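> Chains as they are written, first to last, in my numbering: chain P, 1 to 338; chain C, 339 to 650; chain G, 651 to 955.
Keep in mind that a hint or two might mislead.
As the list claims (entries may be wrong) - Restricting the straight-line Cα-Cα distance to at most 20 Å, the calculated cross-link-like pairs of lysine to aspartate or glutamate (EDC-like) are:
hint	chain 1	residue 1	chain 2	residue 2
1	P	Lys-253	P	Asp-224
2	C	Lys-559	P	Glu-6
3	C	Lys-491	G	Asp-911
4	G	Lys-690	C	Asp-467
5	C	Lys-559	P	Asp-224
6	P	Lys-313	P	Glu-6
7	P	Lys-327	G	Asp-911
8	G	Lys-842	G	Asp-785
9	P	Lys-326	G	Asp-655
10	P	Lys-326	G	Glu-656
To be verified - Residues on chain P that point at chain G, a partial pick, calculated with CB under 8 Å:
hint	residue
11	Leu-149
12	Ala-296
13	Leu-297
14	Glu-298
15	Cys-300
16	Arg-301
17	Ala-302
18	His-303
19	Arg-324
20	Ala-325
21	Leu-328
22	Ala-331
For the record, the hints were derived by calculation from the structure and aren't laboratory data. A quick note: this is a predicted structure, and the numbers were derived from the prediction, not measured. All C-beta atoms in this analysis are idealised placements derived from N, C-alpha and C, irrespective of residue type, glycine included.
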Amino acid sequence: MEKLLEVDGLQVAFKTHGGTIQAVRGVSFTLHKGETIAIVGESGCGKSVTAKSIMRLIPEHIGKIVGGKMLFQGKDLAQLPEKEMREMRGSQISMIFQDAMTSLNPTISIGEQIMEGIIRHQKVPRSEAKRQATEILQLVGIANPESRLKQYLHQFSGGMRQRIMIAIALVCKPAILIADEPTTALDVTIQAQIIELFQTIQRKTGVSIIMITHDLGVVAKIADRVNVMYAGKVVESGPVREIFYNPQHPYTKGLLSSMPRLDADRNIPLSPIPGTPPDLFAPPAGCAFAARCEYALEVCRAHQPEETQLGSKHVVSCWLQDPRAKKLITAQQSPTGT
Amino acid sequence: MLSFILRRFVSMIVTLWLIITLTFFLMHAAPGNPFEKEGKGLPDAVAANLNAFYNLDKPLIVQYGLYLQNLVKFDLGPSIANSSDTVNKIIARGFPVSFQLGLVAILFAIVTGIALGVVAALRHNRLIDYVAMVIAVIGISVPSFVLASLLIKYLAVEWKLFPTATWGTWQHVVLPALALAFSPIAIIARLTRTNMLEVLTAEYIETARAKGLSPATIVFKHALRNAILPVVTLLGALIANILTGSFVIEKIFAIPGMGKYFVAGINNRDYSVIMGTTVFYSTLLIFMMFIVDVLYSIIDPRIKFHGKEREG
Amino acid sequence: MIVSDELFTPMRKDNLSAEAIVRPQLTYWQEAWLRLRGNKLALAGLVIIIILGVMAIAGPIISPHDYAKQSMITKNQPPSAENWFGTDDFGRDVFTRVWHGARISLFVGLMAALIDFFIGVLYGGIAGYLGGRVDNIMMRFVDILYGLPYLLVVILLMVVMGSGLVTIIVALSATGWIGMARTVRGQVLQMKNSEYVLAAKTMGAKPFYIVRKHLLPNTIGIIIVYVTLSVPSAIFAEAFLSFLGLGIQAPMASWGTMANDGLPTILSGHWWRLFFPAFFISLTMLAFNVLGDGLRDAFDPKTRR
Numbered sequence: 001m002e003k004l005l006e007v008d009g010l011q012v013a014f015k016t017h018g019g020t021i022q023a024v025r026g027v028s029f030t031l032h033k034g035e036t037i038a039i040v041g042e043s044g045c046g047k048s049v050t051a052k053s054i055m056r057l058i059p060e061h062i063g064k065i066v067g068g069k070m071l072f073q074g075k076d077l078a079q080l081p082e083k084e085m086r087e088m089r090g091s092q093i094s095m096i097f098q099d100a101m102t103s104l105n106p107t108i109s110i111g112e113q114i115m116e117g118i119i120r121h122q123k124v125p126r127s128e129a130k131r132q133a134t135e136i137l138q139l140v141g142i143a144n145p146e147s148r149l150k151q152y153l154h155q156f157s158g159g160m161r162q163r164i165m166i167a168i169a170l171v172c173k174p175a176i177l178i179a180d181e182p183t184t185a186l187d188v189t190i191q192a193q194i195i196e197l198f199q200t201i202q203r204k205t206g207v208s209i210i211m212i213t214h215d216l217g218v219v220a221k222i223a224d225r226v227n228v229m230y231a232g233k234v235v236e237s238g239p240v241r242e243i244f245y246n247p248q249h250p251y252t253k254g255l256l257s258s259m260p261r262l263d264a265d266r267n268i269p270l271s272p273i274p275g276t277p278p279d280l281f282a283p284p285a286g287c288a289f290a291a292r293c294e295y296a297l298e299v300c301r302a303h304q305p306e307e308t309q310l311g312s313k314h315v316v317s318c319w320l321q322d323p324r325a326k327k328l329i330t331a332q333q334s335p336t337g338t
Numbered sequence: 339m340l341s342f343i344l345r346r347f348v349s350m351i352v353t354l355w356l357i358i359t360l361t362f363f364l365m366h367a368a369p370g371n372p373f374e375k376e377g378k379g380l381p382d383a384v385a386a387n388l389n390a391f392y393n394l395d396k397p398l399i400v401q402y403g404l405y406l407q408n409l410v411k412f413d414l415g416p417s418i419a420n421s422s423d424t425v426n427k428i429i430a431r432g433f434p435v436s437f438q439l440g441l442v443a444i445l446f447a448i449v450t451g452i453a454l455g456v457v458a459a460l461r462h463n464r465l466i467d468y469v470a471m472v473i474a475v476i477g478i479s480v481p482s483f484v485l486a487s488l489l490i491k492y493l494a495v496e497w498k499l500f501p502t503a504t505w506g507t508w509q510h511v512v513l514p515a516l517a518l519a520f521s522p523i524a525i526i527a528r529l530t531r532t533n534m535l536e537v538l539t540a541e542y543i544e545t546a547r548a549k550g551l552s553p554a555t556i557v558f559k560h561a562l563r564n565a566i567l568p569v570v571t572l573l574g575a576l577i578a579n580i581l582t583g584s585f586v587i588e589k590i591f592a593i594p595g596m597g598k599y600f601v602a603g604i605n606n607r608d609y610s611v612i613m614g615t616t617v618f619y620s621t622l623l624i625f626m627m628f629i630v631d632v633l634y635s636i637i638d639p640r641i642k643f644h645g646k647e648r649e650g
Numbered sequence: 651m652i653v654s655d656e657l658f659t660p661m662r663k664d665n666l667s668a669e670a671i672v673r674p675q676l677t678y679w680q681e682a683w684l685r686l687r688g689n690k691l692a693l694a695g696l697v698i699i700i701i702l703g704v705m706a707i708a709g710p711i712i713s714p715h716d717y718a719k720q721s722m723i724t725k726n727q728p729p730s731a732e733n734w735f736g737t738d739d740f741g742r743d744v745f746t747r748v749w750h751g752a753r754i755s756l757f758v759g760l761m762a763a764l765i766d767f768f769i770g771v772l773y774g775g776i777a778g779y780l781g782g783r784v785d786n787i788m789m790r791f792v793d794i795l796y797g798l799p800y801l802l803v804v805i806l807l808m809v810v811m812g813s814g815l816v817t818i819i820v821a822l823s824a825t826g827w828i829g830m831a832r833t834v835r836g837q838v839l840q841m842k843n844s845e846y847v848l849a850a851k852t853m854g855a856k857p858f859y860i861v862r863k864h865l866l867p868n869t870i871g872i873i874i875v876y877v878t879l880s881v882p883s884a885i886f887a888e889a890f891l892s893f894l895g896l897g898i899q900a901p902m903a904s905w906g907t908m909a910n911d912g913l914p915t916i917l918s919g920h921w922w923r924l925f926f927p928a929f930f931i932s933l934t935m936l937a938f939n940v941l942g943d944g945l946r947d948a949f950d951p952k953t954r955r
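In isolation and in its complexed conformation, chain P is listed as follows (with noise of 0.2 Å):
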């Protein structure tokens, strides 16, 4: 399959009056053509933040970009003059976010919302942009798109605003799709409803997605492969299956565990992972995850965890997969040991 985007070593920083925080410590991930690939983590764990350094949204002052690259169609967009990169957003690259009632203007009408990117980019006479959008609008599901054009944000329902934004998002038929979590605010219903939304649409047009997530729910239904990330960093990564089924990061194990399902025995209490994440102002020496690890050992806190290769792409950065720790771990289970 044909790379698309390929993020490699990302780091970014927020400049803060308390000092400055490493909210993206080195990520690196490659997104192919016509794949969905889910970031997955906790509140904080620096998934946002990346998902927006791809579209240099953040501006610089806040947060900047301090290392790595990002090659997208043989330019790397961490270098990029804002100037070009005004075109690559909304035409190449475009995002959604999580809230539809906040994220989109509720002064102006919904169809100069999603015209006027048509004619920013494509340079179309008002007319075609009209014709564009009342397509998109179809296309995303919304009936009557005509008369619904001229209509403002507090006449949609949340699900109907949440397809609008990926109308406006996708009218220019960008090459990636970035969603930062696009269905947390939706009930569940709804939820099921977008996520088969962006499922067709991936079938027509064949846009790559970047899914920002902490829902594995979501995660199992719609990605190919999965990046779990933890305090500004992916510790485990490979095809959704791999992780779900054959989970290697403690991590990942106690995401996975700590889901409720509904065939669970009731009498079973949740299982959460202990602790909280780390402060990013000052980032551990060691693995980041060792304080809330109930495996770690002396060198997850003093080195950070090289990456190990699984088969099949699954890579994990984690101390539990070097043989010494392995050795370890068949002592301790071994009741006789030796």
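Chain P is already provided as a structure; the job is to place chains C and G on it using the hints.
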């Protein structure tokens, strides 16, 4: 939208009635009959005639009723200090002048204030932001008459750029309008800046940037529209501000506007004039506020379609 | 990277607490105070206010002159060693009169603000707390009053009651409490329905406890800001009334009357008679405004990190 306008209209009428009644009873609660003031030394018969002429000998309620009757006919009654003059004529003399001054002041204030606020917000935390906000704070702290004095002293007396007083040419408008507008400019600039800063961090601005729109489009089409709305609601208060400010400014610059007559009426204890001009001013203000409300309902689509305002 | 073998032993958990908090937590008030301290402009305002207050008390005392003593010989003298701020039309010492005026202007400003505070908080607090129909009626009443042009009503009241210190304060407070009432009521309403109050209620907290621990601390910030900002508007109103001839009467000196008396000096050249009162009016208003702004920023939960 219609129900919103209707409600505001009723509210306006009630407030208007209230201020008329309040003014009436306050004026008549003032100590002393205007014709019994020391120094007037009027013989009893003459005083009695004057009292009858001004209806002051009738019971208060009757006077009130007569007054309301006259109001509906837009008749504000005769002046007490000068019985051949009527309040209506005084207003007709003074209002056009005050209106000109006030209009120039408010237009200037709106344009300058918004521009200043937008620039300060766009260059947030940089020198021009700081300078603009210092000027703004000074603007709301230094009373207009102080500024007027400074303007006269330097621009008129020392540098002879503008006339020091009275009315007549466009040059006569500049200094008083500037003095009147300074405080509103400061208020508008601060509010615009605060709103712009808030709006610029709104999520829909991020969406607009994610669409690749140019910064100019984002500022003027998306941000400004939302940031300006609260300034519109402020318009009513600003008009009141300029109106009351005009009393002092007209006195300082010896401008023959309504303010001058109003102040004179106060000093002469000409209750008729005081009452009449107060009612006139209040009606003007309350009506202006009503217009502003209507304007706001047209601009904000949420009210236009649903008659409901966002909880503010 | 070469990693030594000994490191592959289970980690000691003692010095890596899973829930360790890295930065010290500050209370709401400590944080607000820290922020205020960082705002140099607001601090300058506070200092100026304190200095003005001290001078208001001490000024007339340390000055060798009496504020009302007239003297035809020394009238309209520029500032000198004898009269630090010069003399006015009646030969009275401007320095003494300025500080005497400070007492009056500050007194008027603070009294009006305090009365507004008491009436406003009471009215708004009751309306907000009781809610429902009572709130509706109370606020309907206030809304209508709000539509009245503030200064016009004050002028009317002054015409009726005559000039004087007490009447000015009464006139200013009569209309000024409305803004405070609205603000307090809005705050109380917002908080009554907020989640942490609901949480306290579900835990069985009594109404008085809720008021004391939750409503009060959160409203106090706004109230302090409002009171601070209403002082300059009262001082301005007093000066404004003086210009219209409705202010404090001679021989008492308020800054407003002094400025009014000093107006003709623009042309006559006795600049000190206008400059000093006008300067101090502006300075005082400026100081209270920047302090109020600083307080508002310090208390604003939105800007908390």
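> If a hint holds in the structure, say so; if it does not, say that too.
Tested hints:
1. Between P:Lys-253 and P:Asp-224 the CA atoms are separated by roughly 19 Å; this keeps the pair inside 20 Å, and the hint holds.
2. A threshold of 20 Å between alpha carbons decides the hint, and for C:Lys-559 with P:Glu-6 the separation of about 35 Å lies outside it, so the pair is violated.
3. With a CA separation close to 16 Å, the supplied pair C:Lys-491 and G:Asp-911 stays within the 20 Å bound.
4. With a C-alpha separation of about 16 Å, the suggested pair G:Lys-690 and C:Asp-467 falls inside the 20 Å cut-off, and the hint holds.
5. For the suggested pair C:Lys-559 and P:Asp-224, the alpha carbons sit about 39 Å apart, so the restraint of at most 20 Å is broken.
6. Only pairs whose Cα atoms come within 20 Å are accepted, and P:Lys-313 paired with P:Glu-6 is accepted, the gap being roughly 15 Å.
7. Proximity of P:Lys-327 to G:Asp-911 is assessed by CA-CA distance (about 96 Å); at most 20 Å being required, the pair is judged violated.
8. Among the hinted pairs, G:Lys-842 with G:Asp-785 is consistent with the structure: their alpha-carbon atoms are about 13 Å apart, no more than 20 Å.
9. For the suggested pair P:Lys-326 and G:Asp-655, the alpha carbons sit about 12 Å apart, so the restraint of at most 20 Å is met.
10. Proximity of P:Lys-326 to G:Glu-656 is assessed by CA-CA distance (about 14 Å); at most 20 Å being required, the pair is judged to hold.
11. The closest approach between the C-beta of P:Leu-149 and any C-beta of chain G is roughly 35 Å, which is over the 8 Å cut-off, so the hint fails.
12. Contact between P:Ala-296 and chain G, as hinted, is supported at the beta carbon level, the nearest pair being about 4 Å apart and thus within 8 Å.
13. Given the 8 Å rule on beta carbons, the hint for P:Leu-297 holds: about 6 Å separates it from the nearest Cβ of chain G.
14. Look at P:Glu-298: its Cβ gets to within about 5 Å of chain G, closer than 8 Å, so that hint holds up.
15. Among the interface hints, the one on P:Cys-300 holds; its C-beta lies about 6 Å from the nearest C-beta in chain G, closer than the 8 Å criterion.
16. Given the 8 Å rule on beta carbons, the hint for P:Arg-301 holds: about 6 Å separates it from the nearest Cβ of chain G.
17. Nearest Cβ of chain G to the Cβ of P:Ala-302: about 6 Å, under the 8 Å cut. The hint holds.
18. Residue-level restraint check for P:His-303 holds (minimum Cβ-Cβ distance to chain G is 6 Å; threshold 8 Å).
19. The closest approach between the C-beta of P:Arg-324 and any C-beta of chain G is roughly 4 Å, which is under the 8 Å cut-off, so the hint is satisfied.
20. Because the closest C-beta pair between P:Ala-325 and chain G is about 6 Å apart, less than 8 Å, the hint holds.
21. Annotation: P:Leu-328 was flagged as interfacial toward chain G, and the flag holds, the nearest CB pair being 6 Å apart, inside 8 Å.
22. Checking P:Ala-331 against chain G: minimum C-beta separation of about 10 Å lies over 8 Å; hint violated.
The structure fails hints 2, 5, 7, 11, 22 (numbered hints given earlier, in ascending order).
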